[in-house]
Amino acid sequence: MTGSLWRLLLRALTSPSGRLGAIVIALLTLFVFVAPWLLPDPSAMPDLVAGALPPGAGHPFGTDQLNRDILSRVVTGGQISLSVAGLAVLLAVTLGALVGGLAGFAGGWLDSALMRLVDGALAIPRLFILLMLVAVWEQMPLGALVLVLGATGWFATSRIVRGEVLRLRNAEFVLAATALGAGPGRIILRHLLPNVAGPLLVAATLGVGDVILLEAGLSYLGIGVRPPTPSWGSMILDARPLLTTAPWTSIFPGLAIAITVLAVNLFGDALRGALDPRSA
Amino acid sequence: MTALLEVEDLRITFPTRSGTSHPVDGVSFSVARGELLALVGESGCGKSLTSLALLRLVPPPGQIVPGSAIRLEGTDVLALAPAALRSIRGRRIGMIFQDPMTSLNPVFTIADQISESVRAHQRMSKRAARARALELLQEVGIPDPVERLDNYPHQLSGGMRQRVMIAIALASEPELLIADEPTTALDVTVQAQILELLDSLRAARGMAVLLITHDLGIVAGRADRVAVMYAGRLVEEATTAELFARPSHPYTKGLLASVPRLTGAVTRLQPIAGTVPAPTAWPAGCRFHPRCPASLPRCATDDPPALAVGDGHRMRCWLAETGRP
Amino acid sequence: MTRWLARRALQAVLTFAVVTVLLFVLMRLTPGDPLQRLEGDRQLSAEAAAALRHRFGIDQPLSTQFGDFLGGVVRGDLGVSIEHYPTKVSTLVLSRLPASLLLGGTVLLLTFGIGITLGVYQAVHRGRRLDHWLTNSSLALYAMPSFWLGLVLAWFFGIRLHLLPVAQMHDPLLGANASWLVRAGDVARHLILPAATLTAVSLAAVMRYQRTALLEVLRLDFVLAARARGLPERQVLWRHAWRNALFPVVGLLGLWLPILVTGSVFVEQVFNWPGLGSLAADAVSARDYPVILGTAMLVSAQVLLGGFLADVAYYALDPRVRGA
Chain A
1 MTGSLWRLLL RALTSPSGRL GAIVIALLTL FVFVAPWLLP DPSAMPDLVA
51 GALPPGAGHP FGTDQLNRDI LSRVVTGGQI SLSVAGLAVL LAVTLGALVG
101 GLAGFAGGWL DSALMRLVDG ALAIPRLFIL LMLVAVWEQM PLGALVLVLG
151 ATGWFATSRI VRGEVLRLRN AEFVLAATAL GAGPGRIILR HLLPNVAGPL
201 LVAATLGVGD VILLEAGLSY LGIGVRPPTP SWGSMILDAR PLLTTAPWTS
251 IFPGLAIAIT VLAVNLFGDA LRGALDPRSA
Chain B
1 MTALLEVEDL RITFPTRSGT SHPVDGVSFS VARGELLALV GESGCGKSLT
51 SLALLRLVPP PGQIVPGSAI RLEGTDVLAL APAALRSIRG RRIGMIFQDP
101 MTSLNPVFTI ADQISESVRA HQRMSKRAAR ARALELLQEV GIPDPVERLD
151 NYPHQLSGGM RQRVMIAIAL ASEPELLIAD EPTTALDVTV QAQILELLDS
201 LRAARGMAVL LITHDLGIVA GRADRVAVMY AGRLVEEATT AELFARPSHP
251 YTKGLLASVP RLTGAVTRLQ PIAGTVPAPT AWPAGCRFHP RCPASLPRCA
301 TDDPPALAVG DGHRMRCWLA ETGRP
Chain C
1 MTRWLARRAL QAVLTFAVVT VLLFVLMRLT PGDPLQRLEG DRQLSAEAAA
51 ALRHRFGIDQ PLSTQFGDFL GGVVRGDLGV SIEHYPTKVS TLVLSRLPAS
101 LLLGGTVLLL TFGIGITLGV YQAVHRGRRL DHWLTNSSLA LYAMPSFWLG
151 LVLAWFFGIR LHLLPVAQMH DPLLGANASW LVRAGDVARH LILPAATLTA
201 VSLAAVMRYQ RTALLEVLRL DFVLAARARG LPERQVLWRH AWRNALFPVV
251 GLLGLWLPIL VTGSVFVEQV FNWPGLGSLA ADAVSARDYP VILGTAMLVS
301 AQVLLGGFLA DVAYYALDPR VRGA
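Sequences listed follow chains A, B and C, in order. With the working numbering, letter number 144 in the first sequence gets 144, and the count goes up by one each step, no holes. With the working numbering, letter number 53 in the second sequence gets 53, and the count goes up by one each step, no holes. With the working numbering, letter number 242 in the third sequence gets 242, and the count goes up by one each step, no holes.
One-sided and incomplete, this derived list gives chain A residues near chain C with beta-carbon spacing under 10 Å:
(1) SER17
(2) MET132
(3) GLY209
(4) ILE223
(5) VAL261
(6) VAL264
Simulated restraints on C-beta separations:
(7) C:ALA6 x B:VAL188: 39 to 45 Å
(8) C:ILE159 x A:PRO55: 15 to 21 Å
(9) C:ALA6 x B:VAL65: 57 to 63 Å
(10) B:VAL188 x C:ARG234: 39 to 45 Å
FYI, nobody ran anything at the bench for these hints, they're computed from the structure. Even glycine gets a Cβ: it sits at the ideal position worked out from N, Cα and C.
Throw the hints in and build the complete structure from the sequences for me.
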């Protein structure tokens, strides 16, 4: 299975946009987790008097209304956003695989019930599900945000996995394998997983982009990553009153989001193209 | 009879990852007015591409190599401007395809599709076109044609869809009808009906037909002449009677031998040994020689040109020089 | 309507029932207190607070709560707003609906109109530089948070260039006796930036779907057959190919609505456009849970309706579905 995943990754890297996406992701991740050692402390003494300074010496992205270095905050915010997104997607994909696999194998009323549930959940825009859960949650810990994001992201994935399971249950090579004495565990491992691994990886990658945008949106509304933890979304929220006087306070965090999501989507797209060349 | 269609040295190339492919590599033949020429060969020999080339419909990145010539009553088809080309397509040369289900647009009615064809090449009101569509449906022998006009393709059986295809192709009175495997996707009984239909239409309209098929069986008794294609070239060409009476090229003989017979002694089927070579790597010398039971040493190095074997009978085989085995 | 359409309608209704249950469960799941703001900011009297608690059934067993909730939904009663007590949630929601529909409808037309055109263009010119450039640009726009893009556009066109208005739906200074034409023009001007923002981030999906669908159809036999009949290329492309490549794009209508709704929460908030999105955003800052619940229910209904409309479109466009 890892072999086919590896080949998928390599094939995705043959497209120029896939390569670009991968490189940017790698650089970003590296930068965001290494740079803090090289930059000023983002939670240094807030200085209201000095206020927001435009990009210049010592502050490549300028400073915000409390004279905190924006680059440092973007970097720390990046750590948070990337970690939250990565963990949430991991949770979502796992849940989706479990539920989808269960539905596909079990069949019958359990399958129908689960799929009805998924239909309903997909009808409610994900943002609203999140609002229902976190809007009135005072002092929500970061871990809870990850949980909630993950718990709301498995619906589409479960359909994919269920589809694969159904397809494979009736596939001739599975019948052949069973006739040769393979048990369900072996079939899952050797036949099912390699077939779903690809689509799951694509869904996961593209899911990271969606979660980053959702988390930023929630933080912009004040209910995502809670202060004082920095987040790209809440930086944009804080920057709203400064839109006319200090536009750089909004521009850089937003650019950070856009570039990250774009890179992730480019790579995810390349993966999808590697999986099914006809869609290229 | 003067030739309606002349094809000279047609070559088509395709760029592929493993090099340039030459699926059609020097094909020459002609079709006379009102004649039915059968182009016979296995899949992969290039016959469908040849037929597409006649209307310049070779799908990109395939290309017709310069130096090829296709002439419709003297007019060079390959040099035509787009507007002139479009006036040939459908109007002077019609085409029907193998799978009638996928060759008809699923979202338009039969009447719509036939009328569209009619009005593509002549000014006609919608009502008149619809009336013409009805006539055509009757001509191709569709029962309850009035009902069928407003049906959609998925409501018709395979045989009826093929008749509709023929009706559409006939809409502008073409002089030549190219039929690319018209019966392959149909049941055996329906096959016979469609071929009968083509015959009667040919007789009624004086229309020439280029019949592309892999099935020698349907050719007997219908075609005026037969051309056998292999590995991008014609390997034998003769009148039907002559070809069946005196098949000369080892490949033709092999084809005839592998057709199961319902009458006569029960014998083993004789398949042709080996497999069809890939169009990116045609064998050197005679292309058939690796599979030929009668190959001479010469065949591995020298590519035979078309040699006469009898009256109107040619083949690409060195055996023509040394006499029949 | 045939059985097929009726069945789809029934499915939509059933799914909405599931939505209702899910929303109830979510409401009970959230660790926060939906009515927490009752005492603190609202300065409601003790009786009013108790009445609200009773109204929301907080003091009753779960099954009764659910029963009341369902009954309310069926009656169209979605409770009472906390922030705007005692205004009913349904009143608030309905008052915002027209503005939402105006913005949403405009964005729908623009997104599908532009998206389809560009997608077709991309398919026809597949592999060329413009094709790649269009894909990458639409992806870049999709990657931008809608609220950020809105802010950037507002700053650039509204504040820097003073070209377009950036707040609300009308100019409050417009005289009461201004003609309806002037009023319409005013609303249109206010519509430009929010609609442009939402359209920009939504284009990528439509373009992608249309491009892929058309590429697949162009490969099919009947397209070749149409060309072989001497039909002009434009007719082959639009009447034969595109007509068959519409289906996935129509299906996208149902899938894309959640994206529109989500985006509108942020964009309406940025531009102060008085629709359902800003209602939800305001309710979030005010911790007005009943309004959040009410809007959630309404947008889910919108999504399901959109999906059903897509089904109707399939029915109209595809004779095979009609079982004709």
